Amino acid sequence: MTTDTAVGSPSGFSFTQYAVCLKGIVWREGLRFLHQRERFVSALVRPLVWLLIFAVGFRQVLGVSIIPPYETYVLYEVYIAPGLMAMIQLFNGMQSSLSMVYDREMGNMRTLLVSPLPRWYLLSSKLVAGTAVSLLQVYAFLAIAWFWDIEPPLLGYLTVLPAVILTGLMLGALGMLISSAIKQLENFAGVMNFVIFPMFFASSALYPLWRVQEASPLLYYICQMNPFTHAVELIRFALYVQINWLSLAVVCGCTVLFMIGAILAYDPSRGFLARRGEAGGGA
Amino acid sequence: MMHGTIVEHPPALSVEDVGHSYGARPALDDVTFAIAPSTFSVLLGLNGAGKSTLFSLITRLYGTQRGRISIFGYDVSRTPGDALRLIGVVFQSRTLDLDLSVMQNLMYHAALHGIGKREARWRANDVLARIALTDRAADKVRTLSGGQMRRVEIARALLHRPRLLVLDEPTVGLDVRSRADILGHVRTLVAEDGVSVLWATHLIDEVADGDNVVVLHRGRVLTHGPVARVVKETGAADMSGAFAQLTALSASDAPTEAA
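Going down the list, the sequences are from chains A and B. For the first sequence, my numbering begins at 1 and goes up steadily by one. For the second sequence, my numbering begins at 1 and goes up steadily by one.
Worth flagging that the hints you see were computed from the coordinates, not collected in a lab. Everything numeric in this text was worked out from a predicted model, so none of it was measured. Glycine residues also receive a C-beta, built at the ideal position from the N, C-alpha and C atoms. A few of these clues could be false.
To be verified - As a list, the in silico DSBU-like pairs of lysine-lysine whose alpha-carbon atoms are at most 30 Å apart:
1) B:140 x A:23
2) B:140 x B:117
3) B:117 x A:23
Stated by the list, open to error - If the Cβ cut is set under 7 Å, some of the chain A residues that face chain B in the computed set are:
4) 13
5) 21
6) 124
Unchecked claim - Which stretches of chain A does chain B cover? Using the computed rule of at least three CB atoms under 8 Å from a CB of chain B, they are:
7) 23-32
8) 109-116
Please work from the sequences and hints to get the whole structure.
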């Protein structure tokens, strides 16, 4: 083996090296995803259960009036479809956060973190990889939902793409931030109770916010403050070829915020890892 | 022959006045030593001596709280990219992806170092041939034995052609034969390829007479240098006796009579 990698070789990395690294991380995430078929199936079954059972049952209970972006009365199934798309991404984001905690406990995370490329770039690549996986799930869901009369305009399938990329990034970054704060795998059940459920239910995913306002003004404000509501609305509007500017701004802002938080948290000198002295090992 | 003197070249690894605490609990205190290029150095210490903490600092898993660590002159904190690309790491815990194949694991690692696909495949075949696992390239890591996994991890750590290889208790949990295999393989890397090695262990029988040794105990370096000198200074018969004597002295906090 040669060892002439030269001390004193030029510092920094070329654009190609950055690209190779990103590609490698996305490729591995994809491979892992393919190897965990149960994960793919459960990622699809979850929203489908909501769509095929919950929505049908609630169709009679909850009338949805004409609200933008819809131009006619819509069935309840049609109303909750965007919320379920966001839910897929929420779960996916939490799942990758779970796998990061797992990787950290098992030591796999170290392989990533000792790469010489800047850590913010490694984490961002990981985020992109997770988002790519969530896109697969979302489109698979849309394809199945089409058979249940969730038929947005054809162009909507295209215009929703940038929206789900953004929301995927936001929810993935949130997951990453949470993963840095979780010490052990067992604590993850708490994430279900304190993050996923409140975020999902206190949002516009299952019911239009004007209905919530009638019932409880306080809950209405909470829902409006919830970034998940804006993820849902961004997707809902984009699916019908419209832009919800407020939601777009909130989603972008939150993505940046969560990501900066995650990068700081995983920063070796500032992060929580060093202070707690985890990452396993005998000492 | 080994010698601890540093000539015009920067040391492969230099650790100066390094300290680290987890909250109020100190893990390393005033750790200073250097290892010369193309030498085999053993970081010897009992469990809890601070070896893994030191590894986490060298590989920049943690930021350096106090002191300075550099790899061939590159400061790990200030120029992490340059420092990290000169290091190959084998961690104590298993860090291969069990569900991916051997080749996929190697390709992933290469990508993390910005090595393109064709070059990576070529290098991967090369390192696999060296550890005699070419025929297992397409197998899932899960199907390998413990010793084979370790060999793959060492091969992986060499993919980006580092000049310093650091291994944290690489033989833990392996049978006698695999231990000897791996130790022999790494020694060959030093002798034939000029790689510098920092090998952490608590097993004194892994230390050879020609090695350099750094004795770490309760977060402090008790002594470091060529084995022959350390043994002579303590007045013990061999390294095992020297280690026992050094750590016993430190444990009882007795006034130092030797050295």
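Going down the list of hints, with the structure as the test:
Our distance criterion of 30 Å between C-alpha atoms is met by residue 140 of chain B and residue 23 of chain A, whose separation comes to about 21 Å. Restraint check for residue 140 of chain B and residue 117 of chain B: satisfied, since their Cα atoms lie roughly 20 Å apart, inside the 30 Å limit. At most 30 Å may separate the alpha-carbon atoms for a hinted pair to count; residue 117 of chain B and residue 23 of chain A meet this at roughly 10 Å. Given hint, residue 13 of chain A at the interface with chain B, holds; its Cβ is 6 Å from that chain's nearest Cβ, closer than 7 Å.
Because the beta carbon of residue 21 of chain A sits about 5 Å from the nearest beta carbon in chain B, less than 7 Å, this interface hint is met. The interface hint given for residue 124 of chain A is violated, since its Cβ lies 14 Å from the closest Cβ of chain B, which is over the 7 Å cut-off. As drawn, the region 23-32 of chain A meets chain B at 7 residues by the rule of a beta-carbon pair under 8 Å; at three or more, the given contact holds. For the region 109-116 of chain A, the assignment as covered by chain B holds, since 7 residues bring a beta-carbon within under 8 Å of that chain's beta-carbons and 3 suffice.
Comparing the model with each earlier hint shows a violation of hint 6 alone; every other hint is respected.
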